[in-house]
Amino acid sequence: GRIISMWCANEAKANESNESLETFPVDSKRLMRIIGLTDQTGAITPIGRRVCQLSELDPRLGRIVIEAESQGCAGNMPFILATLVIGIGAIFRKPRDRYHKTGCQMFYNFWSDLISVKKALVETEKNKFSEWYDENLVVYNRAKEARFLAGKIRQYLTGAGIEMSSLPEGEETDRAVARAIASGFLYNLTLEQHVICKPLFRGELTNLKFHPESVFQLMSSNDPKWVVAADIYKTSHKFARALTRVELDW
171 GRIISMWCAN
181 EAKANESNES
191 LETFPVDSKR
201 LMRIIGLTDQ
211 TGAITPIGRR
221 VCQLSELDPR
231 LGRIVIEAES
241 QGCAGNMPFI
251 LATLVIGIGA
261 IFRKPRDRYH
271 KTGCQMFYNF
281 WSDLISVKKA
291 LVETEKNKFS
301 EWYDENLVVY
311 NRAKEARFLA
321 GKIRQYLTGA
331 GIEMSSLPEG
341 EETDRAVARA
351 IASGFLYNLT
361 LEQHVICKPL
371 FRGELTNLKF
381 HPESVFQLMS
391 SNDPKWVVAA
401 DIYKTSHKFA
411 RALTRVELDW
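Just so you know, we're using the numbering used here here: the sequence shown kicks off at 171 and counts up by one.
Don't read these hints as lab results, they were simulated from the structure.
The structure displayed is predicted, hence computed values, not measured ones.
A hint or two may mislead.
To be verified - Distance condition first, Cα-Cα at most 20 Å in a straight line; then the derived PhoX-like pairs of lysine-lysine:
hint, residue 1, residue 2
1, K264, K314
2, K289, K264
3, K314, K298
4, K271, K379
5, K264, K408
6, K379, K395
7, K408, K395
8, K404, K264
Stated by the list, open to error - Distance windows between CB atoms, simulated:
hint, residue 1, residue 2, range
9, G329, K408, 35 to 41 Å
10, V309, E341, 26 to 32 Å
11, V292, K271, 16 to 22 Å
From the three backbone atoms N, C-alpha and C, an ideal C-beta is built for every residue, glycine too.
With the hints as constraints, model all of the structure from the sequences given.
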(Lines of atoms letter the chains of each structure in order from A and count residues from 1; the text may use other names and numbers.)
(Lines give C-alpha, C1' and ligand atoms only; values in the text may rest on other atoms or scores of the structure.)
Protein backbone atom coordinates (compact mmCIF):
# COMPACT_ATOMS: atom_id res chain seq x y z
CA GLY A 1 0.00 0.00 0.00
CA ARG A 2 0.88 3.66 -0.11
CA ILE A 3 2.20 3.64 3.43
CA ILE A 4 4.42 6.73 3.02
CA SER A 5 1.58 8.83 1.62
CA MET A 6 -0.79 7.59 4.32
CA TRP A 7 1.74 8.49 7.02
CA CYS A 8 2.03 11.99 5.58
CA ALA A 9 -1.77 12.35 5.59
CA ASN A 10 -1.98 11.26 9.22
CA GLU A 11 0.68 13.79 10.22
CA ALA A 12 -1.11 16.56 8.35
CA LYS A 13 -4.34 15.80 10.23
CA ALA A 14 -2.46 15.88 13.53
CA ASN A 15 -0.93 19.26 12.69
CA GLU A 16 -4.32 20.74 11.80
CA SER A 17 -5.24 20.61 15.49
CA ASN A 18 -2.36 22.94 16.39
CA GLU A 19 -3.92 26.34 15.79
CA SER A 20 -0.78 28.19 16.90
CA LEU A 21 1.33 26.74 14.10
CA GLU A 22 1.43 28.81 10.90
CA THR A 23 3.18 27.55 7.78
CA PHE A 24 4.57 29.73 5.00
CA PRO A 25 4.07 27.83 1.71
CA VAL A 26 5.92 28.60 -1.50
CA ASP A 27 4.06 28.63 -4.82
CA SER A 28 4.35 25.04 -6.07
CA LYS A 29 5.48 25.96 -9.60
CA ARG A 30 8.20 28.18 -8.19
CA LEU A 31 9.25 25.48 -5.76
CA MET A 32 9.59 22.92 -8.56
CA ARG A 33 11.78 25.32 -10.51
CA ILE A 34 14.01 26.19 -7.56
CA ILE A 35 14.75 22.56 -6.69
CA GLY A 36 15.40 21.69 -10.33
CA LEU A 37 12.34 19.64 -11.28
CA THR A 38 11.34 22.08 -14.02
CA ASP A 39 13.26 24.64 -16.04
CA GLN A 40 12.57 28.34 -16.58
CA THR A 41 9.94 27.58 -19.22
CA GLY A 42 8.09 25.15 -16.96
CA ALA A 43 9.25 22.06 -18.87
CA ILE A 44 10.14 19.05 -16.76
CA THR A 45 13.87 18.37 -16.40
CA PRO A 46 15.61 14.97 -16.48
CA ILE A 47 15.83 15.12 -12.67
CA GLY A 48 12.12 15.95 -12.58
CA ARG A 49 11.32 12.87 -14.67
CA ARG A 50 13.20 10.66 -12.25
CA VAL A 51 11.43 12.23 -9.27
CA CYS A 52 8.08 11.55 -10.97
CA GLN A 53 8.96 7.85 -10.92
CA LEU A 54 9.05 8.03 -7.10
CA SER A 55 5.32 8.68 -6.90
CA GLU A 56 5.03 7.51 -3.28
CA LEU A 57 7.25 10.38 -2.11
CA ASP A 58 6.68 14.09 -1.75
CA PRO A 59 8.59 15.71 -4.67
CA ARG A 60 11.00 17.37 -2.23
CA LEU A 61 11.89 14.00 -0.72
CA GLY A 62 12.16 12.49 -4.18
CA ARG A 63 14.62 15.24 -5.12
CA ILE A 64 16.68 14.40 -2.04
CA VAL A 65 16.77 10.72 -3.02
CA ILE A 66 17.94 11.45 -6.58
CA GLU A 67 20.72 13.73 -5.30
CA ALA A 68 21.73 11.15 -2.68
CA GLU A 69 21.94 8.48 -5.36
CA SER A 70 24.26 10.73 -7.40
CA GLN A 71 26.41 11.23 -4.30
CA GLY A 72 26.54 7.47 -3.65
CA CYS A 73 24.76 7.76 -0.29
CA ALA A 74 21.12 6.80 -0.98
CA GLY A 75 21.56 3.91 1.44
CA ASN A 76 22.34 6.43 4.19
CA MET A 77 19.04 8.30 3.70
CA PRO A 78 16.08 6.20 5.00
CA PHE A 79 16.34 7.47 8.58
CA ILE A 80 16.60 11.05 7.27
CA LEU A 81 13.51 10.63 5.09
CA ALA A 82 11.57 8.96 7.91
CA THR A 83 12.40 11.88 10.20
CA LEU A 84 11.16 14.36 7.60
CA VAL A 85 7.87 12.45 7.28
CA ILE A 86 7.25 12.01 11.01
CA GLY A 87 8.60 15.42 12.01
CA ILE A 88 11.85 16.20 13.76
CA GLY A 89 10.00 17.56 16.79
CA ALA A 90 8.31 14.22 17.42
CA ILE A 91 11.48 12.19 17.94
CA PHE A 92 12.73 14.04 21.03
CA ARG A 93 10.92 15.26 24.11
CA LYS A 94 11.75 18.62 25.61
CA PRO A 95 14.37 18.73 28.40
CA ARG A 96 12.99 19.36 31.88
CA ASP A 97 15.62 22.03 32.47
CA ARG A 98 15.63 24.91 29.96
CA TYR A 99 19.44 25.12 30.27
CA HIS A 100 19.92 21.44 29.47
CA LYS A 101 20.97 20.42 25.98
CA THR A 102 18.10 19.31 23.78
CA GLY A 103 17.92 15.80 22.34
CA CYS A 104 19.06 17.02 18.94
CA GLN A 105 22.01 18.83 20.51
CA MET A 106 23.04 15.74 22.51
CA PHE A 107 23.67 13.94 19.20
CA TYR A 108 25.46 16.96 17.77
CA ASN A 109 26.37 16.99 14.10
CA PHE A 110 28.17 19.86 12.40
CA TRP A 111 26.18 19.57 9.17
CA SER A 112 22.54 19.03 10.01
CA ASP A 113 19.87 18.64 12.68
CA LEU A 114 18.53 15.77 10.58
CA ILE A 115 21.84 13.92 10.72
CA SER A 116 21.77 14.40 14.49
CA VAL A 117 18.39 12.67 14.59
CA LYS A 118 19.73 9.90 12.35
CA LYS A 119 22.55 9.32 14.85
CA ALA A 120 19.99 9.02 17.64
CA LEU A 121 17.84 6.57 15.68
CA VAL A 122 20.86 4.39 14.89
CA GLU A 123 21.59 4.29 18.63
CA THR A 124 18.02 3.21 19.41
CA GLU A 125 18.66 0.01 17.47
CA LYS A 126 21.27 -0.91 20.07
CA ASN A 127 19.56 0.44 23.20
CA LYS A 128 16.29 -1.04 24.42
CA PHE A 129 16.29 0.16 28.04
CA SER A 130 13.97 2.96 29.13
CA GLU A 131 16.78 4.62 31.08
CA TRP A 132 18.69 5.28 27.86
CA TYR A 133 15.63 6.88 26.25
CA ASP A 134 15.06 9.07 29.31
CA GLU A 135 18.68 10.18 29.49
CA ASN A 136 18.82 11.03 25.78
CA LEU A 137 15.33 12.58 25.55
CA VAL A 138 14.26 10.14 22.82
CA VAL A 139 10.55 9.29 22.57
CA TYR A 140 10.44 5.49 22.43
CA ASN A 141 7.26 5.03 20.39
CA ARG A 142 8.18 7.67 17.82
CA ALA A 143 11.69 6.26 17.42
CA LYS A 144 10.12 2.84 16.86
CA GLU A 145 7.81 4.32 14.22
CA ALA A 146 10.75 6.03 12.52
CA ARG A 147 12.71 2.76 12.33
CA PHE A 148 9.69 0.97 10.89
CA LEU A 149 9.05 3.71 8.32
CA ALA A 150 12.75 3.83 7.38
CA GLY A 151 12.56 0.12 6.59
CA LYS A 152 9.52 0.67 4.38
CA ILE A 153 11.23 3.56 2.62
CA ARG A 154 14.34 1.45 1.97
CA GLN A 155 12.16 -1.33 0.57
CA TYR A 156 10.26 1.10 -1.66
CA LEU A 157 13.36 2.81 -3.03
CA THR A 158 15.02 -0.51 -3.78
CA GLY A 159 11.90 -1.65 -5.65
CA ALA A 160 11.86 1.67 -7.54
CA GLY A 161 15.34 0.97 -8.91
CA ILE A 162 17.31 3.42 -6.75
CA GLU A 163 20.93 2.36 -6.25
CA MET A 164 21.01 2.06 -2.45
CA SER A 165 24.76 2.45 -1.98
CA SER A 166 25.96 3.50 1.46
CA LEU A 167 29.05 5.45 2.44
CA PRO A 168 30.96 4.68 5.65
CA GLU A 169 30.16 6.94 8.58
CA GLY A 170 32.36 10.01 8.70
CA GLU A 171 32.74 13.69 7.85
CA GLU A 172 32.65 13.23 4.06
CA THR A 173 29.53 11.07 4.29
CA ASP A 174 27.80 13.68 6.45
CA ARG A 175 28.73 16.33 3.90
CA ALA A 176 27.27 14.23 1.05
CA VAL A 177 24.07 13.60 3.03
CA ALA A 178 23.77 17.32 3.82
CA ARG A 179 24.16 18.13 0.13
CA ALA A 180 21.35 15.72 -0.69
CA ILE A 181 19.08 17.24 1.97
CA ALA A 182 19.80 20.75 0.71
CA SER A 183 18.71 19.83 -2.82
CA GLY A 184 15.14 19.24 -1.65
CA PHE A 185 14.81 22.35 0.50
CA LEU A 186 16.71 24.92 -1.52
CA TYR A 187 13.62 27.14 -1.58
CA ASN A 188 14.20 27.64 2.16
CA LEU A 189 17.81 28.74 1.71
CA THR A 190 18.72 31.37 4.29
CA LEU A 191 21.78 33.34 5.35
CA GLU A 192 22.23 33.22 9.11
CA GLN A 193 24.23 35.78 11.02
CA HIS A 194 23.93 36.51 14.72
CA VAL A 195 20.97 34.08 15.11
CA ILE A 196 18.64 36.06 12.79
CA CYS A 197 18.28 34.75 9.26
CA LYS A 198 16.42 35.88 6.14
CA PRO A 199 14.83 33.50 3.61
CA LEU A 200 15.98 34.32 0.09
CA PHE A 201 13.41 32.66 -2.17
CA ARG A 202 10.12 33.11 -0.34
CA GLY A 203 9.09 36.53 -1.63
CA GLU A 204 9.08 38.09 1.84
CA LEU A 205 12.22 38.99 3.80
CA THR A 206 10.87 38.03 7.19
CA ASN A 207 13.37 37.68 10.00
CA LEU A 208 13.51 34.14 11.34
CA LYS A 209 15.12 32.57 14.36
CA PHE A 210 16.79 29.21 14.52
CA HIS A 211 14.66 26.78 16.50
CA PRO A 212 15.89 26.59 20.12
CA GLU A 213 16.43 22.82 19.84
CA SER A 214 18.71 23.07 16.78
CA VAL A 215 22.36 22.04 16.95
CA PHE A 216 23.12 25.36 15.27
CA GLN A 217 22.33 27.07 18.57
CA LEU A 218 25.60 25.58 19.88
CA MET A 219 27.71 27.17 17.15
CA SER A 220 29.46 30.51 17.34
CA SER A 221 27.22 33.46 16.50
CA ASN A 222 30.21 34.99 14.69
CA ASP A 223 30.14 32.19 12.13
CA PRO A 224 27.80 33.23 9.26
CA LYS A 225 26.11 30.20 7.76
CA TRP A 226 24.14 29.39 4.66
CA VAL A 227 21.50 26.90 5.70
CA VAL A 228 18.29 25.34 4.44
CA ALA A 229 15.32 24.71 6.71
CA ALA A 230 12.98 21.77 6.21
CA ASP A 231 10.29 23.66 8.11
CA ILE A 232 9.43 27.31 8.74
CA TYR A 233 6.62 27.99 11.18
CA LYS A 234 5.28 30.47 13.69
CA THR A 235 4.41 30.24 17.37
CA SER A 236 5.62 33.11 19.56
CA HIS A 237 8.26 33.85 16.88
CA LYS A 238 8.92 32.75 13.32
CA PHE A 239 11.28 29.80 13.49
CA ALA A 240 13.38 27.82 11.02
CA ARG A 241 13.59 24.17 12.07
CA ALA A 242 15.38 21.02 10.89
CA LEU A 243 18.37 22.99 9.60
CA THR A 244 21.14 21.82 7.28
CA ARG A 245 24.38 23.67 6.48
CA VAL A 246 25.01 24.52 2.82
CA GLU A 247 28.22 25.18 0.93
CA LEU A 248 27.76 27.50 -2.02
CA ASP A 249 29.99 25.43 -4.35
CA TRP A 250 27.29 22.75 -4.32
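Unsatisfied constraints (hint numbers, rising): Nothing - there is no hint that the structure violates, so all of them hold.
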